[in-house]
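These protein sequence lines are chains F and W, in that order.
Under the numbering used here, read the first sequence as residues 1 to 189, first letter to last.
Under the numbering used here, read the second sequence as residues 1001 to 1230, first letter to last.
Everything labelled a hint here was simulated from the structure, so no lab data went into it.
Treat the hints with care, since some could be wrong.
To be verified - Stretches of chain F that chain W covers, calculated by requiring three or more beta carbons in the stretch to come under 8 Å of a beta carbon on chain W: (1) 47-55; (2) 68-81; (3) 118-124; (4) 141-155.
As the list claims (entries may be wrong) - Derived DSSO-like pairs: lysine-lysine, alpha-carbon spacing no greater than 27 Å straight-line: (5) W:LYS1144 with F:LYS146; (6) F:LYS111 with W:LYS1088; (7) W:LYS1088 with F:LYS171.
None of the values given here were measured: they were computed from a predicted structure.
Just so it is clear, CB atoms sit at the ideal spot from N, CA and C, and this is done for glycine as well.
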Amino acid sequence: MDRRETIQATGRDGQLREAPQRNRLGNVYFAAKADPACMRSQPAIRRIYRLVEDIMLKNLSIRSFYSILGLAILVAFFLLGSGLHRLGVPIPGGVLGLMLFYLGMSCGLVKLRWVEETAGLMLRHMVLLFVPLTVGLMEMGALLSKQAVAITASLLVSLVAVLLTTGLLGKWLLPDLIEAGKANAGAGR
Amino acid sequence: MKLAFLIEHPAFSIAFTVLAYALAITLHRRWRWIPPIVAACLPIVALLLLVHEPYAQYNLGGNVLTWLLGPATVALAVPMYRHGVALKRSLPTLALIVLAGSVVGMVTAGGTAWLLGAPLPVIMSTVPKSVTTPIAIEVCRELKGIPQITIALVILAGVLGASFGVPLLRLVGVRDDRAIGAAIGTASHGVGTASLVRHSEMQAAVSSWAMAAAGVFTSLLAALLSLFLR
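If we strip away everything but chain W, and leave its shape as in the complex, we get (with noise of 0.2 Å):
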């Protein structure tokens, strides 16, 4: 087997996520419903499974893209700063707002699974499911949790968001754009941004500071409460 080689190098596992990802993409442009992150992985899940190759020896060069998360969080920093400086007056309430989303979002996902038994690992990955992938996975290191089980809450909170959202904020009677756009940021990260942007360009604003403010806020909280476990 000489191709074995080939797709035991790192270099391989790169190129063909990134495939895979291109092939997603265009596939999620065609058909709106089909969640590219789904999409993504299944190819490089039926190719492991194929070719008998152990998810360490993939992760070699998968860990390069991963790592590349720690950029792209620092990348937040745009938007927030960009739509911080047109949202000014409203700042210091929004702040206030976004910080009492992301408390309850921690304390009710972890007292959830708490109240239901499920062990500590689990509880930690389930606190910080409501912010932005990158910040996510580091709170959950931090909380020693797994980071798995929090990459799929995350985005099981976006998709969610992104389409039951704003027909529950009218629900209850919340129209003003920059409400909404601070519960969809706060709740559903950047999958529910980028829903909302058909909409309003200001509820989008918003939403994508609400977005990077509760990913900082929820570091900031869970820093706290690993200081308290200790």
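So that you can see chain F by itself, here it is in the shape it has in the complex (with noise of 0.2 Å):
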């Protein structure tokens, strides 16, 4: 919420892939370095986060190490958000997950540098993941010969009424926010 954050939001924001890994967290590990005084001001519970990262970055290459933490945070909360949907919430495991996740990130419990290498690399290779799903097509082609006409139908309606009502939404309502935001910009200074 405060000067760390900053450090991070400004080392976030703009395109990632182009800056080079050691920079980025290099970033943030010698911003508290040299201002030891956003150390103190920090909770006990963030200062033992900060400890341990900084073990890390001395004694184990960091990248490869963040990658298989990673692995183990994103599958913890998959796990927490099955727990959960067992348990008779009606959202399926999966989305109950994120939601945990992103509330987890927002409130600063877990960091984005934690997992980011782990997950980029899942969401650019999560045709992979769904193959034998698709694979099994193979033993449905007689349902979906039958219904092909329904099945198709329905997708090009719905796909046309998504693009329109929201890209039409859109335009209505997002320059008004555009205004706005200059207002405050203005208002601010």
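Please assemble the complex out of the two chains, which come individually in their own frames, going by the hints.
And the structure:
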């Protein structure tokens, strides 16, 4: 919420891929080092996080460590979500996990840089993960050809409907926000 | 047949799937029009038919990859969070727009299939067709649909939206980058988002936020729907 958050935000809002990995992680580390005051003002839990991170930075190749840690964190949140789903929350476990994870990141419990690496990898190669299910289509041939018309029609109608609704609503509602944003920025100065 | 045991091993199907995927990606890099998902599936289907291995056998290993879709869903929070910080001011309106788009998408997809007389499981499989695959599959299971149909629809929605979405939006006079991003992200999830990256950073950022938000909204709405049906 404070100085360190702003350092993180400025490091992050530009195009990330362009920045070399070492710089990005180094940034946060050296900023905290150069200004120990921002460490002391942190609550205890944050200081512990900080310490663990420093140890990892010194002793491990941080990049590969983060990719393993990231997987563990993502799996943990997924399992947490699935557990809640089992207990009777009617939302899919993965989505519950996503929401909890988002909350965790917003309140600073989980840091974006811990999972960035793994999340990027999984999202880029998500296609691999649904190959087995798609192969299962080979057993569905009969049903698919019987319902082909209904399925295709519903796909096309719905696709156009979604595009138009969202696009037109965006066209009508969003320009106002630009004005409001400019007004706010003006008032701030 | 000593080789049979090798092919039946779950690790073999994982390894073969990864290889097929790597090949598909290579082909996709060379010839852009080849969809990686199709190119990855064909060698696997060919192998299964060739050695007369049932799909259930292959899926012992395949299940492991399918399971990883769960953590991949959680990973969607990362682009959502990252772009949420940058888009802060427009977020409430964007959320409203994406919510409206998700409702319209679910109603029109299910409604059209229902009007054309499809059986209930097929109708339910068309409902989550606009959201990103892992969420669509979970929603489809929740609604007792057929996951394979949903996957086929999701992929088609992505590919069609990526190719014809932006021209259609321009035709009706939508020019705002955020509006285009929101529309493509809501209608065509990750595939559409990937196609926007080349045009504009703003479009792609809004689009990946909208894709994750649409997933969350759709699963919440589907939860309501399934309570209603019970």
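Does the alpha-carbon distance linking LYS111 (chain F) and LYS1088 (chain W) stay inside the 27 Å limit? holds (19 Å)
Please work out if LYS1088 (chain W) and LYS171 (chain F) have their alpha carbons no farther apart than 27 Å. holds (18 Å)
query = Taking a Cβ-Cβ distance under 8 Å as contact, does the region 68-81 of chain F have three or more residues in contact with chain W?
reply = holds (count 6)
Check of the region 47-55 of chain F against chain W for coverage (Cβ-Cβ below 8 Å, three residues minimum):
violated (count 0)
query = Would the pair LYS1144 (chain W) and LYS146 (chain F) pass a check requiring their Cα atoms to be no farther apart than 27 Å?
reply = Roughly 19 Å between the alpha carbons, so the hint for LYS1144 (chain W) and LYS146 (chain F) holds.
Inset, instruction - Go check the region 118-124 of chain F versus chain W for me, would you? Three or more residues, Cβ under 8 Å, otherwise it fails. - result: Since three or more residues must qualify, the claim that chain W covers the region 118-124 of chain F holds, with 5 doing so at under 8 Å.
Coverage of the region 141-155 of chain F by chain W (three or more Cβ within 8 Å) | Holds, because 9 residues of the region 141-155 of chain F bring their Cβ atoms closer than 8 Å to Cβ atoms of chain W.
In summary, the one numbered hint that this structure violates is 1.
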